[in-house]
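Trainee: Next come the chains, spelled out residue by residue.
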Amino acid sequence: MKKILLWSGLGLLLLILTIGLIRSQKGQVGVGEVAPDFELISFAGESYQLSEFRGKVVVLNFWASWCESCKPEAEDLEAAYQYYLSRGDVIFVGVDYVDTEPEALMYLEEFGITYPNGPDLRTKISQAYRVGGVPETFIIDQDGFIAHVQIGPFTSLDEILIRIDPLLD
Amino acid sequence: MVTENRKTTHIGLFILLLICLLPISVSAQGSDPTDDEVNAVAKQLYCPVCENIPLDACGTQACEQWRGIIRDKLSEGWTEDQIKDYFVAQYGDRVLAEPPREGFNWIVYLVPLFIFMGGGVLFYLGFQQWKASGQNRNERRPEKKTPKSVKPSDQDIKRVEEELRKRSKG
Chain A
66 MKKILLWSGL GLLLLILTIG LIRSQKGQVG VGEVAPDFEL ISFAGESYQL SEFRGKVVVL
126 NFWASWCESC KPEAEDLEAA YQYYLSRGDV IFVGVDYVDT EPEALMYLEE FGITYPNGPD
186 LRTKISQAYR VGGVPETFII DQDGFIAHVQ IGPFTSLDEI LIRIDPLLD
Chain B
455 MVTENRKTTH IGLFILLLIC LLPISVSAQG SDPTDDEVNA VAKQLYCPVC ENIPLDACGT
515 QACEQWRGII RDKLSEGWTE DQIKDYFVAQ YGDRVLAEPP REGFNWIVYL VPLFIFMGGG
575 VLFYLGFQQW KASGQNRNER RPEKKTPKSV KPSDQDIKRV EEELRKRSKG
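Residue numbers (this note's numbering), protein chains in the order written: chain A, 66 to 234; chain B, 455 to 624.
One chain only, chain B, in its complex shape (with noise of 0.2 Å):
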């Protein structure tokens, strides 16, 4: 009696175990990634077909086609590294956000930085330039000369009173 309860007790255990394992070998098959699972390494690439959109925002018949890729190689179990690189194989560079530090493509990454540093020089010669005419400005200015007063001469005094003479006449 005892003997068949343990026995009875063993299958249950092992049922259980079973039971247990099955959600773990399911997943490990690889379950369907979500929208935003796909999303997440949709909004990383571009359409190769309509210009800067990325391929997350895009609702053409071709991005749901890639869409529908990097769901199955998320599926697989690929990385988004892996799936970066599997895109980027079919079809080019430009699907990515950002073009690889290499080559040609480093020109992107550098004119930026040339522009910023030349606006830079350019300012400081600028500044130089303008710092420079105001101290020449400083040493030629020729010293105020304060206006004196002058005291009219007698016979200016006669002239004014002529005049003022005349005018009172007419």
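Next comes chain A alone, as it looks inside the complex (with noise of 0.2 Å):
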């Protein structure tokens, strides 16, 4: 009896170390999974749900005020978002992973940002994405599912578009 329960013990103690390595070693949500859905509320106060854009194509883009990275496509996206503003079937969403927010908005100020972008409040949503670090960008299908990973910043205008003009109609 003492020796099942302290073997049941080892096995279970292994169990979760095992899930928890398969956990840390696994990368980003991968292109053709279902995008996570989640809950964001903006800087303005507005609530926006991932499951509400069904039919819609999503960029979401993961960024940080203390990311140097993050920069350089900071205007691209938001001119990608005024390029396809007017359809209306490409919406765009920021998530400020882990950062302050008055460092927040005056990067948004800066970068002239006007689509909706919010915290990541208990990084619940990067933790669901598993994203490694920032910037990097999900573009979700109409479906829900994920058509695109960018690890690393978009160097320009045209790479953002190249990956969401073939998911239009």
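Calculated from the structure, these hints are not laboratory results.
Any given hint might turn out to be false.
[To be verified] Under the rule of at most 20 Å between Cα atoms (straight-line distance), these lysine to aspartate or glutamate pairs were calculated in the DMTMM-like manner: (1) A:K189 with B:D539; (2) B:K605 with B:E615; (3) A:K189 with B:D490; (4) A:K189 with B:E518; (5) B:K527 with A:E117; (6) A:K189 with A:E117; (7) A:K136 with B:E518; (8) B:K527 with B:E491.
Predicted model, so just to flag it, every value in this text is computed and none were measured.
Since each chain sits alone in its own frame, please combine them into the complex, following the hints.
Mentor: Right, dumping it as structure tokens:
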């Protein structure tokens, strides 16, 4: 009896360690996977739910004001947002990853970003997408599947458009 | 004349009272916290971006911003616990040096305890086994036979003498 208990305990411990190890080794949510649903409260206080955007392409960008490599793509993302704005079938959402609000707001002002942005409270969204750092951008298709994962910054507006255009009718 | 002196004294006392109250009202508004006060809170929190680095020892821009937040909150009169709660609400439990004792976090506290207890049980079982096998060995051990001296027979003596003779000839 004692031995059974002992081995069960050891087995459980190994299982927990294995699960932890597998989880830590997993990369970002990959192309073809279902995009995890989330709710984002923007800096303006508005609520956005990913599932409400079904039928539209969603560009989900993770950034932070302290992130130097986020800056080069910031204006291109805003330009892409403006490019698709009149169509209404491409949604841009910015998730501010472990940041401080005053600096984040200054960053948005500096780069003239007008699409919805909000803090990743308790890092729930970045954990769901298994974000390893910033910037990272997930392009989600109309059915809620990940169509493209951009690790690191986009280097030009064209690079963003090339990833979105094929998803549109 | 006396009335005027008294009036002057009253005004003087009133000004003195105002001067005395001035620092109190300034400190009530919240003076700038010192670096030590900021670091006292910062060392209880961990950088959410860089792993395993307390906020007081972290040199990144992000950590500087977070220390700035602590300074602002302290000057607004927030307590340490309120600041910690704010950081948890913003960045999650991982900013805490010790995860809160709730839900899945209990594993962090229970696993070492189980390992320690398991080690104790293993040690106890091993010790019992070793003790039992020692007792069994003692029980099974045959009586020691002390070698007895044996006198050589005449035949043996003859054989040895003959052997020696052969060798001395050779």
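Trainee: Please go over all the hints and tell whether each is borne out by the structure.
Mentor: Outcome of the hint check:
For the proposed pair K189 of chain A and D539 of chain B, the alpha carbon gap of about 16 Å is at most 20 Å, so the pair holds. Annotation: proposed proximity of K605 of chain B to E615 of chain B holds, straight-line Cα distance about 16 Å (limit 20 Å). As the CA atoms of K189 of chain A and D490 of chain B are separated by approximately 32 Å, the hinted pair breaks the 20 Å bound. A distance of roughly 23 Å separates the Cα atoms of K189 of chain A and E518 of chain B; the hinted pair therefore is violated under the 20 Å criterion.
The straight-line distance between the Cα atoms of K527 of chain B and E117 of chain A is roughly 36 Å, outside the 20 Å bound, and the hint therefore fails. The straight-line distance between the Cα atoms of K189 of chain A and E117 of chain A is roughly 18 Å, inside the 20 Å bound, and the hint therefore holds. Under the criterion of a C-alpha separation no larger than 20 Å, the hint pairing K136 of chain A with E518 of chain B is consistent with the structure, at around 19 Å. For the hint linking K527 of chain B to E491 of chain B, the alpha-carbon distance of about 11 Å falls within 20 Å, and the restraint holds.
Hints 3, 4 and 5 from the list above are not met by this structure, while the remaining hints are.
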